[in-house]
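Student: Please model the complete structure; the sequences and the hints are all you need to start from.
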Amino acid sequence: MNNEKHEQRIKEAEKAITAGSFLAQQGKYRQAYHFMAPAGWINDPNGLIYFQKKYHLFYQYNPYQAVWGSMHWGHAVSDDLLHWDHWPIALAPSESYDDHPEGGCFSGSAVEDNGELNLLYTAAVNTEYGSVQTQCLAVSTDGAKSFQKYDHNPVISALPAGISEDFRDPKVIRYQNFWYLVLGASSGSGARGGGDGCALLYQSSDLKKWEYRGVIARSDGKLGSMWECPDLFPLRDKWILLFSPMLCGEKKTIYLIGSMNFETACFLPEQQGELDFGPDYYAPASFLDPKGRRVLMAWANGWEWMPWHTGFGKTENEGWRGHLAIPRELRRLESGQLQFIPIQELETLRTKPKKYTAFTLPAGEVFEIQAGNGIQCELIFEISLKNTSAEYIHFNLRCGAAERVRITVNLLGKDLIWQKKESSGEITTICRPLYAEQNENFKMHIFMDTCSVEVLADNYRLAASGNVYFSADSNRIYIEAEGGEASFNNIYTYGLKSCQQN
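In the numbering used here, the protein residues as written are 53 to 554.
Since the hints were made in silico from the structure, they are not lab data. Not one of these hints is a red herring.
Subject to a maximum C-alpha distance of 25 Å in a straight line, what follows is the list of computed DMTMM-like cross-link-like pairs (lysine to aspartate or glutamate):
{"id": "1", "residue 1": "466", "residue 2": "532"}
{"id": "2", "residue 1": "197", "residue 2": "258"}
{"id": "3", "residue 1": "407", "residue 2": "532"}
{"id": "4", "residue 1": "438", "residue 2": "534"}
{"id": "5", "residue 1": "303", "residue 2": "356"}
{"id": "6", "residue 1": "63", "residue 2": "203"}
{"id": "7", "residue 1": "67", "residue 2": "147"}
{"id": "8", "residue 1": "57", "residue 2": "154"}
{"id": "9", "residue 1": "57", "residue 2": "194"}
{"id": "10", "residue 1": "473", "residue 2": "455"}
{"id": "11", "residue 1": "343", "residue 2": "168"}
{"id": "12", "residue 1": "63", "residue 2": "370"}
{"id": "13", "residue 1": "80", "residue 2": "137"}
{"id": "14", "residue 1": "67", "residue 2": "137"}
{"id": "15", "residue 1": "197", "residue 2": "64"}
{"id": "16", "residue 1": "80", "residue 2": "368"}
{"id": "17", "residue 1": "260", "residue 2": "315"}
Between beta-carbon pairs, the in silico distance windows are:
{"id": "18", "residue 1": "414", "residue 2": "274", "range": "43 to 49 Å"}
{"id": "19", "residue 1": "121", "residue 2": "386", "range": "43 to 49 Å"}
{"id": "20", "residue 1": "409", "residue 2": "75", "range": "42 to 48 Å"}
{"id": "21", "residue 1": "474", "residue 2": "386", "range": "38 to 44 Å"}
{"id": "22", "residue 1": "164", "residue 2": "479", "range": "43 to 49 Å"}
{"id": "23", "residue 1": "56", "residue 2": "452", "range": "49 to 55 Å"}
{"id": "24", "residue 1": "117", "residue 2": "490", "range": "48 to 54 Å"}
Note that the Cβ used here is the ideal one computed from N, Cα and C, for glycine as well.
Tutor: This is how it looks when you write it as structure tokens:
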């Protein structure tokens, strides 16, 4: 294939990024240590991989505007998953199968084969007959500096029987001498028409010719109308299937734990859970790093069909929109639940450490916590539940005159509550049941940045992430106990340094 058009589209996009970066870099809501693009819009992380001694992150990107559209693949590399160098765009819409302002190069994955980096992605165009989504291949032979689209794209185009036009987000894995591709899909009337979400399996020996094997798992009317961004991998002695379901109420990131039979193309789920129940966490993607960790990254936002959606944030006028949540390591406990643990590299950003040693917080008393500047900071709370009589423990974050985030450990009702109150008076409240028992020590780990709050609670078995576009004056932190006293073993706080390149 003649890649001149593709190269020209990338050059045009890079010029737009350069032109837009000055405004974006001045934005008052720019994050300090979360991944962002230099300018424009981002959403799903794609193609996470460790390749030639570097972490490579690709992501859904509109370099021209801070709104969704004309999807490209941005590209960044890192030594530590925190400090990122922006490389040239990897994929730009340029061919008849992927060149459309309401389509483009949608999500996918990256794999190494014979020393070359291969990108599998969904090409999307709209026609008078509806959306056409096909699966395509691009290959780099120069160490991931540039990618050439395969001459015979698309490599998967035919819709299996009963599958709607929603047919996207390939995740490719290697297992027992074959490549397998897991694809998100919707059967019946489609994602917006009440269809049934499902995951499809394909098999290949060369990444170019793919054989359809079947539907490995489906919603059966319970887990949404479309499964976006599926992921499949082993963890300990089980297989994990992740996906982001559309139209599944408050549930937007699901994990299933079970067994996978590649010969029969069947995943048998045994347990189910959520990766993050907060309002702003979607399209997580994972990879196995050289340290043996299963690392997860996700887009820190959500779509308009979600019940709490009120927009994509206040940064469009700043020339940028979107960031990724902190990288988290996935672990599986013997009891079956997954844990979501912040990667150890985040500790290198710590500054201004402070420790509050064991103390008891009486009922009705409010205690202020100091953590860096109260905005870019980290907090770790260790609570002795057996010595706690409180019915509720409230953690009030980013407090200002009329706005705050409140995380409540509800020991009476046994749930965790994530609540955001904005200066407009609007309140968003979401809760999930706790796993913790009364005799446990309860750990809660919180990361805050300029416009985000991420909570990893219940000994890392629950996660809740949300965006906050608050005033810089909203930087106070308070804890309080209600209905009894709360016993804290320790509280650790830190400021967090910036990772961004200006």
